[in-house]
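In the order they appear, the protein sequences are chains E and L.
Each residue of the first sequence is one higher than the one before, counting from 1 in my numbering.
Each residue of the second sequence is one higher than the one before, counting from 1 in my numbering.
Simulated from the structure, these hints should not be mistaken for laboratory data.
Remember, predicted model here, so these are calculated numbers, not experimental data.
Among these hints, one or two may not hold up.
Unchecked claim - A few chain L residues that face chain E, going by a derived Cβ cut-off under 7 Å, partial list only:
id, residue
1, P7
2, R21
3, A25
4, Y47
5, W59
6, I63
7, D94
Said to hold, decoys possible - Listed next, the stretches of chain E that the computed footprint assigns to chain L, with coverage defined by at least 3 CB atoms under 8 Å from CB atoms of chain L:
id, segment
8, 7–13
9, 22–35
10, 62–76
11, 132–144
We treat Cβ as the ideally placed atom computed from N, Cα and C, and that holds for glycine.
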Amino acid sequence: MNDPLARTLRAPAPEARAAARRFADRAAAEHEADLAYTTIPSPLGELLLVASPRGLAQMHYLDEPLELVLETLARRRSPRIVESAGALDPWRRELDEYFRGARRRFEAHLDWEAMAPFQTAVLRATVAIPYGATSTYTGVATAAGNARAQRAAGNALGANPLAIIIPCHRVLRSGGGFGGYTGGLHRKHYLLELEALSRP
Amino acid sequence: MTHSLPPFQDLLERHSEDVWRTLRAMVGVQAAEDCFQETFLAALRAYPRLRADSSPRAWLLTIAHNKAIDHIRRGARERAQEIEPAGAEAPAPDAEIWSAVAGLAPRQRAAVALRYIGDLSHREIAAAIGCSEEASRRSLHDGLETLRRLL
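Chain L with its partners taken away, still in its complex shape (with noise of 0.2 Å):
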């Protein structure tokens, strides 16, 4: 046996609410949910060919961008922009956050909630977002910059 694999449940368990954390900022609250299920299908199925030495928590967003870059690009851009707030009796700096967020462009996006809700490396957000290390760089910079400007 050269590796083993946990019981998916445990992944489940650990990690479905980042992920959702990352659809909610990358899709909003109404399509998280559809999104958070191809998410975990997909990754149900890929499951045995994943490496056993790798990240599985990197792999689980990774997928979970694409579900929700997938989501972007069915033709939903108005819906894209409107992301609402977490909750309704969310307090006013939050709902303001929210809404800077929803106006990144989806790369941007991607990368600030990579960063800051998946806690993922330069390395593996350029991974995830399938472009190179300095371009997902310079995507969560820009994406910071335009949130400091608006907020």
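Pulled out of the complex, with its shape left as it was, chain E reads as follows (with noise of 0.2 Å):
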């Protein structure tokens, strides 16, 4: 009797999977969830999105694979992460608008709490940087107010938890050369190609 029993009680249940779905969406919306997150296609890979409920906390090239980047995020900022697509639907379009070359500033909410704060005055002064311009290290560590840091500017930068949307790749040597990124020089290239044919 119990072979049946076991087979009826344990019959597959392809409703949790909807209802499993249905809870993440609700948890992220109504920010009982501390980060959501969701992965989308881009011309420069695939991205992984992350938002805490003050806005996006982290944009990445997910290179490396998304459990490993997952642990540490639940490891360094809170393991009540879930899955939601709908969450990050804000950002992901304006990224879409930005690829197409149809969008030059990003406006929806950015996290900056978890930031350090000369990173942060180093990143605000990138994302003042306009659209199909660039700076540089020495460039935005004055505007930081330390003319001088430009190497702890050009960790910051290296550092930035906002790819693409705080525009580090817009920051380049003093001399002209190329700088370093974070996400591959092939990346930073592209960017500063598309900025520069859709601009005005």
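Using the hints, build the complex out of the two chains.
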């Protein structure tokens, strides 16, 4: 008797998947979860978007396995993470427009909370660099209030948690060199090219 | 760092089907959705306090059990008695099993579900139901005895 009982009780429950998705979407929308994420395709490969109730907290090129990135996120920020495409919609839309050359400024909210003060100052100075223009490490260090902190500015840019949206690709070396880029120089090149071609 | 919890999404993906099955057995298909949402909401809220060395599966099924019992107690005695079969197209033996399971006392139903769906140990079942290990063994035994008689 036990076998038919176990078989019946353990019969597949395909409804569970949809119920789990409904749960995750609601937990994200009602801010019960601390973080919501989704992945989206882009001309530069798959992107991982992570939002907190305050706004977009992270955006990375997904070059590592997703599980590893999420584990790190759980350890460093909060384990209360759910997947919800809907929760990331405003930023996904803006990125689509950006990659089509139809958007020059990102407007949806960003979450600056987890950043250290100098990094915040450097990244805010970076956001102020106009679309299609470039600055230098000295330039953003100066704008952040410490002209001599180019190296620290470089580190702050290298650790930019919001690739593309905080346009660290617009920061070049003073001598005209390309400088570095955490996502790889081919991506920096692509973004600068895109912006140069779409410039008004 | 003494411990680290995996992203909650992991638990959701790994255990949602067994949570659903447990609730289906305890409260029926109709009420399973609401209990499922309540279960994971309660789990998400309490998650940071979960000890990383405890079994998230037993923990989730315990919460599911509690939500199912809440549902049954909410004056839903009648509803709890009539569990709908898993699907309209369920073959005859399935329908018989569902109605036999639905007829069990809630504690026996819980013990059977946690054992056969959750694959929990007697100790974990006792902790989930909130009784002694001996009492949970007895509930399981009595439940299976009743089912054996009916089927």
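Structure-based check of each hint:
Satisfaction of the interface hint for P7(L) is found here, the shortest Cβ-Cβ separation to chain E being roughly 4 Å, below the 7 Å cut-off. For R21(L), the shortest C-beta to C-beta distance to chain E is roughly 5 Å, which falls under 7 Å, so the interface hint holds. With a cut of 7 Å, the hint placing A25(L) at the interface with chain E holds, because the nearest CB-to-CB distance is about 5 Å. Using the Cβ-Cβ criterion of 7 Å, the hint placing Y47(L) at the interface with chain E is satisfied: the shortest such distance is roughly 6 Å.
A least Cβ separation of about 14 Å between W59(L) and chain E goes past the 7 Å threshold, and the interface hint is therefore violated. The criterion of a C-beta within 7 Å of any C-beta in chain E is not met by I63(L), whose closest approach is roughly 13 Å, and the hint is violated. For D94(L), the suggested interface contact is upheld, since its CB lies about 5 Å from the closest CB of chain E, less than 7 Å. Residues of the segment 7–13 of chain E lying with their CB closer than 8 Å to a CB of chain L number 6, which satisfies the three-residue condition for coverage.
Coverage of a stretch by a chain is defined here by at least three residues with a beta carbon nearer than 8 Å to that chain's beta carbons; for the segment 22–35 of chain E and chain L the count is 7, and the condition holds. Requiring three or more residues with a Cβ within less than 8 Å of a Cβ of chain L, the coverage given for the segment 62–76 of chain E holds, as 5 such residues are present. Residues of the segment 132–144 of chain E with a Cβ under 8 Å from some Cβ of chain L number 0, which does not satisfy the need for three, so the listed coverage is violated.
In this structure, the hints that do not hold are numbers 5, 6, 11, in rising order.
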